[in-house]
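Sequences listed follow chains A and B, in order. The working numbering puts the first residue of the first sequence at 20, with every later residue one more than the last. The working numbering puts the first residue of the second sequence at 22, with every later residue one more than the last.
Please keep in mind that the hints were generated in silico from the structure rather than gathered at the bench. Quantities reported herein were computed from a predicted structural model and do not represent experimental measurements. Careful, some of the hints might be misleading.
[Unchecked claim] Ranges between beta-carbon positions, derived for each pair:
1. A:Lys-715 <-> B:Glu-108: 36 to 46 Å
2. A:Gln-237 <-> B:Phe-100: 45 to 55 Å
3. B:Val-46 <-> A:Gly-557: 14 to 24 Å
4. B:Thr-94 <-> A:Asn-770: 29 to 39 Å
[Said to hold, decoys possible] Keeping only pairs whose Cα atoms sit at most 30 Å apart, straight-line, the calculated DSBU-like set for lysine-lysine is:
5. A:Lys-977 <-> B:Lys-58
6. A:Lys-841 <-> A:Lys-796
7. A:Lys-933 <-> A:Lys-672
8. A:Lys-932 <-> A:Lys-977
9. A:Lys-466 <-> B:Lys-26
10. A:Lys-996 <-> A:Lys-944
11. A:Lys-533 <-> A:Lys-500
12. A:Lys-452 <-> B:Lys-26
13. B:Lys-73 <-> A:Lys-470
14. A:Lys-468 <-> B:Lys-58
15. A:Lys-466 <-> B:Lys-73
16. A:Lys-301 <-> B:Lys-73
17. A:Lys-630 <-> A:Lys-672
18. B:Lys-26 <-> A:Lys-470
19. A:Lys-452 <-> A:Lys-639
20. A:Lys-901 <-> B:Lys-26
21. B:Lys-47 <-> A:Lys-692
22. B:Lys-47 <-> A:Lys-470
23. A:Lys-594 <-> A:Lys-420
24. A:Lys-240 <-> A:Lys-499
25. A:Lys-301 <-> B:Lys-104
26. A:Lys-420 <-> A:Lys-468
27. A:Lys-908 <-> A:Lys-932
28. A:Lys-903 <-> B:Lys-58
29. B:Lys-47 <-> A:Lys-452
30. B:Lys-26 <-> A:Lys-468
31. A:Lys-908 <-> B:Lys-104
Even glycine gets a Cβ: it sits at the ideal position worked out from N, Cα and C.
Take a look at the letters that make up each chain.
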Amino acid sequence: MSQNYRLQNIGLINRDKKISFKFNGKNYFGYEGDTLASALLANGVHLVGRSFKYHRPRGFFGAGVDEPYAVVQLYRNGETEPNIKATEQELFEGLEAKSVNCWPSVNFDVGAINNFLNIFLPAGFYYKTFMWPKSFWYKVYEPFIRKAAGLGVASTEHDKERYEHKYEYCDLLIAGSGPSGLASAYTAAKNGARVILAEEKPRFGGSLLTSDVNIGNQSGKDWAESIISELKEMPNVTIKNRSQIFGYYDHNMLVMSEKVSDHLPQTKKFHPNKRLWYIRAKEVLISSGSIERPIVFGNNDTPGVMLSSAAKEYLKVYGVLVGKNPLVFTNNDSGYETAIEFKKNGIDPIVLDSRKNPSGEIIDEAINLGIKIKFSYVVVAAQGYKKVKSADIAGISEDKKQLGKIENIKCDCICVSGFWTPTIHLASQSGNKTKFNEEIDAFVPGKSKQKETTLGAANGIFSLQNTLKTSFKAANEISKKITKKENEISIPNVVEKKSSKHDKFWCVPLPKGKNYKRFLDFQNDVAVTDIELALREGYRSIEHVKRYTTLGMATDQGKTSNLNGLQLVSEIENKVVPAVGHTTFRPPYSPVSIGAIVGREIGKHSKPTRKSPMHSWHEKNNAVFVDAGVWLRPRYYKIGNETLFEASKREAKNVRTNVGVCDVTTLGKIDIKGPDSAEFLNRIYTNAWLKLPIGKARYGVMLREDGIVMDDGTTTRISENHYHMTTTTAQAANVLSHLEYYLQLVWPELNVNVVSTTEQWAGAAIAGPKSRALLQKLFPKDNVSNENLPFMGYMEADLFGTEARIFRISFSGELAYEVNVKSDSGNYMWEKIIELGQEFKIQPYGTEALSTLRIEMGHVAGSELDGRTIPYDNALDGLISKKKDFIGKRSLQRAAFVAADRQRIVGVVPLDKKTTIPEGSHLVKDSNAPLPNPKLGYISASCWSVEHDNPFSLAILKDGKNMIGKKLFVMSPLKNKIIPVEIVSSHYVDPKGERVRS
Amino acid sequence: MLHIKCPHCGLRSQNEFSYGGDASVKRPELNQEISDKDWDNFVYNRKSLRGKHWELWQHLSGCRQWIKVERDTATHEIFNTLKADEEIS
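Let's have the full structure, built from the sequences with the hints guiding it.
Okay, here's the thing in structure tokens:
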């Protein structure tokens, strides 16, 4: 297809490089430097989508980030991304895009019937229409609405692109490279400040690329180029194009999304697709410019109606005519700039100016060029369905209430300018209370909240001379304060046309007998009537009006619609705009890819994986792993076709009959040193610690101040002032912080130091009746007899030349030892244990067997110490010292904690000795009681007892102490099970604890 | 993200710290009689102020020290930071 709307001698595109692309299945050509939007317009394509609600045809409205219409599904290098603005997407060879929100095609869209049913789709229609019957919501209404509304489709494939995060610091961060951004970057850089200058577009220069001005003896565009090339050479300056600062967060942290590869057919090797910058700036200069706002009139959403500044940008940057028979509708001087550019390029525009008789340099120029101008004239309605074909125009009275006789004139586009809205998003996100500037009918930033200074058009300064003057000055003041250096820069002279006042006019009244839709929010199809309805229904707060009507809630976040919406609300409510106020500006300024936000923290990189030194042995021996916090632990070691159940039963059984070995490296370990260590432990733990002899271990329980059990574990006295504490795997980090809290803040007088040694030691639990025999083989030089190393004893020993620590402690309830060696020797220790254990029929066991062993022993673990239970509940009340105070002791006097029928741990056995009991099930007295059936307790852990060969569970049961021997029911509505059970002691195996002492 | 000046390490990002609640809460002395009400106040009741207040943070991924931070809960402005053993004036 030929580019019928491309001009030959204007624009910044590279005509030497043709680029082919596909849109809705059709092949087109554009040039290097085009956006998808400019390339389509060059080919005369205006119809690019359908609107959100009514499925009305949609064209292009802007030329950048403010675009509400041209949202497409993009295909690039085998991947797809939804909701890309065609006005921002740079063209690359092989680009493919499709319209969204239309079916079967953008030209013939079935959903367009909504346009004729619009009487049924007023503001808030979803709140009103789909309420009955209730069951229809999930089955009928929601799926239907989801299909009919919504924009692009997210890919279900794994994203192959890579995204990066980068942290950066600077003296001045400058958002936007228009005249004020360039002037201030230059000044600050010359003063030696570290500067980051960010520009969201591919080209630097902002408005200077399209405006007809001179700075010094150069054109605005050339001046911008010379400043940029100078900045690029300076070592203290980072300048980034395609980089949008989208959020201003606390303490001057701003986040910028850099599109590294989106403009390329595919991402270069070793490059990310996008890079997210977290920038901490000492000072922030916001030079984000302004966005032209439309004037509201009938059918103002017809393709071909667009912002006059966008038409100018397509012409001057891309050499593209948005129409050959343009109508310019303006209330200020900006429309004339566009008209003049058309005229200079051989096109005859007609200008409708709502003002009565404005005078100004640019109007004179337009008249001198012979441009046809009608003053006190407005567009009443655009005509044409998929493209503007003509416009109904009329004169308008001075009070803007009465329309004159309506005439129809032919045109193929309507370029509309309703003056300018400063882009104050970043300032507002910083916390700045904005103020309404009557002169420009828009909000501007007020007093700085954080370290932000808003410059140029973003601050409501629309004259270039003023912008440069204030920007040079501000940047100089701010940067010299940081660098203590000042390089005098003379402010260049500016040649620009003096402008005349704009017309406070934003909405054309409806002619008698016509009910044209007049849109405020183009992406979300919010029309004037919707706002009127919302107000009639009693919505007053602008935030409520927004949510009820969805004004400003689309992907463009109302960049072109919010202020007109406010004008309408204030007019109907008879208030001034500042009294209505604006909705909150929240980050992101413009949508950011989820991939960029996630960065590299994805898949395996989303969290660290901790592996014990014996991990590779486990892998080689068919371990099936389970996540334990960030650790990977063997759950069971699979032999042949064994299931989890079979394997864990085998492993547990072997511990009870022979000997097993379990990797316990993951247990938290804390080294405690200092003369007051014993006193400290005495305050931390519920039991007594002052008299623990050297070379002995003790089991301890620690509470939170509210009396709830925090963690349990053993602590061993290694020497006079040196203790080794173990914690559960899950609580290791919390316990360390807890200890540090009390040492640093509560009892700083205690001379104690704590440090985590979890990773310094590899641990192996050797458990079973044959464990001592194995131990003796492992430590032939040491005496590990029952007398020399009794239960809860500790010794240092020699594992064939490797130093080892042996703790005689037991979680399994069998005769057991935990051997620790330095991590580097972990694998050596493990292989030695396996090797020498062969004659005792040793088998490794995983966490599943470990659970079985501890459950049938009635040893509590994380499922009982779940942050809701006190020592009594866990039958740990024997460990509560009556003689001393400790953390949380006072809370144990709370009435509920001492209630006679307080919950307590019990054992649960099914009467049939066969049915397994699901964890989390409830215990009830009567399985047939009416619902809600009073719950007496819950199953905390279940296993198959290898000792008794039947199911066994632990439960936390109300009045558990007096329930032993009673018969209850286990109910699991989730598993649809009712199981008659008997309550037994939680110590199901070896209730006297003889084995551990044997 | 807040920028917190650790009195030991200097300005660091919030993600290196963990929050520890109201710094003005004093743990009752050990082995002292204390009424239910006073104990409840210590364990549970916090003022949850709007505005300037002192709070605890631990420099978890840094020096591991607990520090005191004077912050405005509404604006997040940080006015002052102290070491654990420095008294709030």
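Checklist entry - Checked against the structure, which of the hints given earlier come out wrong? => result 3, 11, 14, 19, 20, 22, 26, 27, 29
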